[in-house]
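Novice: Based on the provided sequences and hints, a complete structural model is requested.
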Amino acid sequence: MSRLTIQANSHSYDVVIEAGIRHHLNQWVPDNYKEILVITDQEVASHYLDDVINSLQGRSVHTHVVPSGEASKSMSQYQVLLDKCIEVNLDRKSLIIALGGGMVGDLAGFTASTYLRGIDFIQMPTTILSHDSSVGGKVGINHPRGKNLIGSFFNPVGVLYDVETLHSLPSKEIRSGYGEVIKHALLSDRSWLEDLLETSFDNVRNARLIHDLEKGIQVKAGIVEKDEREQGIRKFLNLGHTLAHAIEAELGYGKITHGEAVAIGILFSLQLSERKAGATRLPVGSYVNWMERSGYPIHSIQTLQPVELLKRMKVDKKTVDHRVHMVLLKGIGEPCVVPVGDEEMLAELERFLNEVIQ
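Using the working numbering, the first residue of the sequence shown is number 1, and each one after it goes up by one.
For the record, the hints were derived by calculation from the structure and aren't laboratory data. It is possible that part of the hints are untrue.
[As the list claims (entries may be wrong)] No more than 25 Å apart at the CA atoms, straight line, and that leaves these computed lysine-lysine pairs for DSS-like: (1) LYS235 - LYS276; (2) LYS311 - LYS226; (3) LYS93 - LYS34; (4) LYS84 - LYS34; (5) LYS172 - LYS215; (6) LYS235 - LYS330; (7) LYS215 - LYS330; (8) LYS255 - LYS172; (9) LYS276 - LYS330; (10) LYS276 - LYS311; (11) LYS276 - LYS314; (12) LYS235 - LYS314; (13) LYS314 - LYS255; (14) LYS255 - LYS311; (15) LYS311 - LYS235; (16) LYS314 - LYS330; (17) LYS226 - LYS215; (18) LYS235 - LYS215.
Source: prediction; values computed, not measured.
Specialist: Spelled out as structure tokens, the structure:
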């Protein structure tokens, strides 16, 4: 078992990483909650919802299952969840448990943050990707014009991470999760990065998962504890995300996973870092080899148009005075934010897409 404490502005909370924790939740969920609503998606429900319900015996537990996929992070599903909260009479002494990946965590967390002006919630991540989204207090839903444009900062009262749930993930979800893991390595630790670039996803064991998840969470925690509301260094956690969000929106949410899009966005950022941030020791070639070996869908973006991607990027939350601000690297562990003008960005996107097509 691994246990970390996150120091948020509003309160501190623990992240517990343990195999099988879903089978003894009464040990970790305080008994003062009158009602509990477990929110999950169809795929996760078929595997783990009964385990969670059984481990909360003696409690008043309600459940709600949303359709799987990023499309559920929507205004319509948010409305359905608010209706459910009212239907089961949740009050301010109630608890929401978000059982699932990043989509469920964001959607359930946003519901918790706004229902009755905020009730407690616990994150129970079931994907590698959600090691990133479950920590730091960002919750929200998508708008048709952009990802995560509607949301708030609202920290959970705890994160309970059962690594056994990760072994039922399809290969694309493992790729997706490691897109965020490798981002944390790029922001912090060359030796960890080099180790990851040699990693095969064919047989990732619990010890390796716990190691990588704990290191990733530590990197994120170290940043968000200093800048919870993204006024400064928290922006560095968006490495690869400005283009990734544009790719997701332009392809249609769910066509590729968030982490796969982030991995592609990171490649673009690494190449741009050499041009705009003076980076000279970035392992771009090793990173491309790792992406190809691991099956990242690089060629999925070859039909996208630079002009349309730029339009999406300019809706990104990091845009200032209508200029795209990119998170780049001067070196491993040396992030920076660099504004890029429209004409230069269009040229860089065209170059990048042409290289992908080749």
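Novice: If you draw a straight line from the CA of LYS93 to the CA of LYS34, is it 25 Å or shorter?
Specialist: Judged against 25 Å, a Cα distance of about 6 Å means the pair holds.
Novice: Could you grab the alpha-carbon distance between LYS235 and LYS330 and see if it respects the 25 Å cut-off?
Specialist: Distance of about 15 Å is within 25 Å: holds.
Novice: Given the hinted pair LYS215 and LYS330, is their Cα-Cα distance within 25 Å?
Specialist: holds, 22 Å
Novice: Taking only the CA atoms, is the gap from LYS314 to LYS255 under or equal to 25 Å?
Specialist: holds, 21 Å
Novice: Checking one constraint from the list: CA of LYS276 to CA of LYS311, max 25 Å. Satisfied?
Specialist: holds, 21 Å
Novice: Within a Cα-Cα threshold of 25 Å, do LYS235 and LYS276 meet the stated pairing?
Specialist: holds, 18 Å
Novice: Take the C-alpha atoms of LYS276 and LYS314, compute the straight-line distance between them, and say whether it is at most 25 Å.
Specialist: holds, 19 Å
Novice: Under the criterion that the straight-line Cα-Cα distance not exceed 25 Å, is the pair LYS311, LYS235 satisfied?
Specialist: holds, 20 Å
Novice: Is the straight-line distance between the alpha-carbon of LYS276 and that of LYS330 25 Å or less?
Specialist: Holds, at roughly 9 Å.
Novice: Just to be careful, I want the Cα atoms of LYS172 and LYS215 compared with a cutoff of 25 Å; is the pair within it?
Specialist: Distance ~22 Å between LYS172 and LYS215 Cα, so the pair holds.
Novice: Is the straight-line distance between the alpha-carbon of LYS235 and that of LYS314 25 Å or less?
Specialist: Holds: LYS235 and LYS314 sit about 16 Å apart, inside 25 Å.
Novice: Does LYS215 lie within 25 Å of LYS226 when you go C-alpha to C-alpha?
Specialist: holds, 17 Å
Of the numbered hints given earlier, the model fails hint 2 alone.
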